[in-house]
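Student: Using the sequences provided together with the hints, build the complete structure.
Just so we're aligned: the sequence shown equals residues -23 to -1, 1 to 79 in mature numbering (1 follows the signal peptide of the UniProt record, and there is no 0).
It is worth saying that the hints were derived from the structure and are not from the lab.
Ideal placement from N, C-alpha and C gives every residue a C-beta, glycine not left out.
A portion of the hints provided could be inaccurate.
Said to hold, decoys possible - In silico lysine-lysine, DSS-like type, Cα no more than 25 Å apart, as pairs: (1) K18 - K8; (2) K30 - K58; (3) K8 - K79; (4) K30 - K75; (5) K75 - K58; (6) K70 - K8; (7) K25 - K8; (8) K18 - K30; (9) K58 - K18; (10) K58 - K79; (11) K30 - K8; (12) K70 - K25; (13) K75 - K8; (14) K79 - K30; (15) K18 - K70; (16) K70 - K30; (17) K79 - K18; (18) K75 - K25; (19) K18 - K75; (20) K8 - K58.
Stated by the list, open to error - Label pairs and their computed distance ranges (CB to CB): (21) D57 - K25: 27 to 35 Å; (22) G6 - D57: 27 to 35 Å; (23) H68 - P15: 27 to 35 Å; (24) K8 - K79: 13 to 21 Å; (25) K58 - A27: 25 to 33 Å; (26) K8 - T44: 17 to 25 Å; (27) N55 - G2: 24 to 32 Å; (28) S54 - G2: 27 to 35 Å; (29) F66 - T39: 13 to 21 Å; (30) H16 - K75: 16 to 24 Å; (31) F20 - D57: 14 to 22 Å.
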Amino acid sequence: MKHLYLVLFFFVCTVGFSQSSQAGGDIDGFKLYPNPVPHGKVFIETTKNAPKKILIFDVLGTQVLQTTILGRELNLSNLDKGVYILRVFEHNKVATRKLIIK
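Tutor: What follows is the structure, given as C-alpha cells:
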C-alpha cells in the first residue's frame, strides 16, 4: 500500500511541476551534470549563465535546500544519498529535473 502512495505522489509531483514549468518556459540551454552526483558537486549551465535560484525537494515534497548561485557549481555535500527534485529559476524561466545523489 505504501508503494501505491509513493507512485501516486510521484505522479502528482510530475504533473504539478510540468504544468508550472511550462508557464514561464524551460530555461534555454539548460544542462545539469553529473547526474547522478558522485562527489557532492553538480554543475548547472544555461545559455545566459545568469544568477539562478535553486530549490531542492526530497521525495516527500519537503524543501531541503534553497540557495542562489552566481556561477555554475552547486555544492550538495550536505544532502544525504537519495532521489530529489531540483527546480532552477533564472529570470522568468523555470527548469525542473530529477536529481540523484550517490
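Student: None of the hints should be skipped; say for each whether it holds.
Tutor: Each hint, compared with the structure:
1. K18 - K8: Cα-Cα ~14 Å, so holds.
2. K30 - K58: With Cα atoms ~22 Å apart, K30 and K58 stay inside 25 Å; holds.
3. K8 - K79: holds, 19 Å
4. K30 - K75: Roughly 16 Å separates the two Cα atoms, so the pair holds.
5. K75 - K58: Given that 25 Å is the threshold and the Cα spacing comes to 13 Å, the pair holds.
6. K70 - K8: Holds, at roughly 14 Å.
7. K25 - K8: holds, 12 Å
8. K18 - K30: holds, 16 Å
9. K58 - K18: holds, 13 Å
10. K58 - K79: holds, 5 Å
11. K30 - K8: Given pair K30, K8 holds - Cα atoms ~15 Å apart, limit 25 Å.
12. K70 - K25: Holds, at about 11 Å.
13. K75 - K8: Holds, at about 12 Å.
14. K79 - K30: holds, 23 Å
15. K18 - K70: Within the cut-off at roughly 23 Å; holds.
16. K70 - K30: Since the Cα atoms of K70 and K30 sit roughly 11 Å apart, the hinted pair holds (cutoff 25 Å).
17. K79 - K18: holds, 11 Å
18. K75 - K25: Cα-Cα ~22 Å, so holds.
19. K18 - K75: holds, 15 Å
20. K8 - K58: Measuring from Cα to Cα gives roughly 21 Å; hence the hint holds.
21. D57 - K25: 27 to 35 Å: holds, 32 Å
22. G6 - D57: 27 to 35 Å: With Cβ atoms ~30 Å apart, the hint holds.
23. H68 - P15: 27 to 35 Å: Roughly 30 Å apart at Cβ, these two residues keep to the hinted range, so it holds.
24. K8 - K79: 13 to 21 Å: holds, 19 Å
25. K58 - A27: 25 to 33 Å: holds, 30 Å
26. K8 - T44: 17 to 25 Å: For T44 against K8, whose Cβ atoms are near 19 Å apart, the range 17 to 25 Å holds.
27. N55 - G2: 24 to 32 Å: holds, 31 Å
28. S54 - G2: 27 to 35 Å: holds, 31 Å
29. F66 - T39: 13 to 21 Å: Holds: the Cβ-Cβ distance is about 19 Å, inside 13 to 21 Å.
30. H16 - K75: 16 to 24 Å: Hint holds: Cβ distance 19 Å, inside 16 to 24 Å.
31. F20 - D57: 14 to 22 Å: holds, 20 Å
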